[in-house]
Amino acid sequence: MTQLDYARKGIITDKMKEAALAEGVEPEFIRAGIAAGRIIICHNIKHGNGRPLAVGTGLRTKVNANIGTSADDLDITKELEKARTAVKFGADAIMDLSTGGPVDEIRRAIIAETTACIGSVPLYQAALDAVRTKNKAIVDMTVDDIFEGIIKHAEDGVDFITVHCGVTRSTVERMKNEGRIMDVVSRGGAFTVEWMTYNQQENPLFEHFDRLLEITRAYDMTLSLGDGFRPGCLADATDRAQIHELIILGELTQRAQAAGVQVMIEGPGHVPLNQIEANILLQKRLCHGAPFYVLGPLVTDIAPGYDHITCAIGGAIAAAAGADFLCYVTPSEHLRLPTIEDVREGVIASKIAAHAADIAKGVKGAMDKDIVMAKCRKKLDWEGQFGQALDPEKARRLRSESGVADHGACTMCGEFCAYKVMDDAMEKQAAQR
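Take 1 as the starting number for the sequence shown in my numbering and just add one per residue.
Be aware that one or more of the hints could be misleading.
Using 30 Å as the maximum straight-line C-alpha spacing, the simulated DSSO-like pairs for lysine-lysine come out as follows [what the hints assert, rightly or not]:
#1 Lys78 <-> Lys134
#2 Lys46 <-> Lys78
#3 Lys375 <-> Lys394
#4 Lys379 <-> Lys420
#5 Lys394 <-> Lys88
#6 Lys136 <-> Lys152
Beta-carbon label-pair distances, calculated as ranges [as the list claims (entries may be wrong)]:
#7 Ala431 <-> His407: 16 to 26 Å
#8 Glu277 <-> Ser400: 54 to 64 Å
#9 Met367 <-> Thr115: 19 to 29 Å
#10 Cys410 <-> Gly179: 45 to 55 Å
#11 Met373 <-> Leu335: 29 to 39 Å
#12 Thr115 <-> Gly305: 31 to 41 Å
Read the hints as simulated data drawn from the structure, not as lab findings. As the structure is a computational prediction, the values presented were derived from the model and not from experiment. The beta carbon of each residue, even a glycine, is placed where N, CA and C say it ideally should be.
Take these sequences, add in the hints, and give me the full structure.
Structure below.
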């Protein structure tokens, strides 16, 4: 039985109780949300050291951090430090997207390193195994090769897998007929399009979707239905290819849920501000309220080096409109593999977006820390302020670098600090009564 099976039978499991405790809600709220397909619990039964992560409507907006090696940067030690850094600064999940070096060893080390939820893209594994161990080109992968990669990740304890099941031959035709500036920017989507074009066959993950469901159900692994046609620039947003893929994903969502498999949907990408809310509404309607996991969205294409900011702007709007899970973007996006410091900045930027959206959505307890922070600021309680900060280390460092004066205020206003002026005024007023 999967968590979805239990929920539909009215049974509250230990994982549901643990998730409810972490969210500050009643276990029945979690159970009912799972039964309706609006909430998922990401936790592979093989992930022994992992904590169940609840994602969905009415819950705190979650943040994912992508890490992983490439052929140009194979340092496993660095990737493990990125995992630690991401979790330290608030990432709820980590996706290992390694495509270089000993990817099996890297994935297993990351899973062992943290109790965080772990995601992956098994198609990368299948492609690497085909090239390295079977002496094949990527386009010569068999259907069995692809499913072997999925099983390998499931056995290792990966909690959710991105699978580009909505990349179909008909969607490719729609993209070609409409025309795009950047075509397909999803790596998994591009692999799939290349395979279909070369073999003149349908996407195996679409054609053999029931086989995929059998595997994921056996591990109670969550399907993250990937957006292979996500827009890679603002001009490509909300076009026929993107929406056609979303329609297919909605249909696959129903099939998966009918089989007892939990599902979330991945979304764009690069999207103008004025289209973000419409994208969220479309996804929720077409995919029957399934949790929505968005990359960004990035709201402009011209900020390389600052895309953690373009991501946070779009992410706040998306989450406030109903997105449930934000995939961070680092300052290195479009430029290089992120450094450890990039991971830190990316996570914090997305945490800011998620938190701001939770306040707007009225998520239970979302504003509690903000109220505590306000009270600490009024009292010039600096340690109290650092304790509420998303990045206390940076806050403490910036204050100490400016020099701490005897008056206790910061160096912006100094002795003319509004808090101090108001305190003096209120004390004088009280004395005059």
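Evaluation of the provided hints:
no.: 1; hint: Lys78 <-> Lys134; result: holds, 29 Å
no.: 2; hint: Lys46 <-> Lys78; result: holds, 25 Å
no.: 3; hint: Lys375 <-> Lys394; result: holds, 20 Å
no.: 4; hint: Lys379 <-> Lys420; result: holds, 9 Å
no.: 5; hint: Lys394 <-> Lys88; result: holds, 13 Å
no.: 6; hint: Lys136 <-> Lys152; result: holds, 19 Å
no.: 7; hint: Ala431 <-> His407: 16 to 26 Å; result: holds, 21 Å
no.: 8; hint: Glu277 <-> Ser400: 54 to 64 Å; result: violated, 41 Å
no.: 9; hint: Met367 <-> Thr115: 19 to 29 Å; result: holds, 27 Å
no.: 10; hint: Cys410 <-> Gly179: 45 to 55 Å; result: holds, 53 Å
no.: 11; hint: Met373 <-> Leu335: 29 to 39 Å; result: holds, 34 Å
no.: 12; hint: Thr115 <-> Gly305: 31 to 41 Å; result: holds, 33 Å
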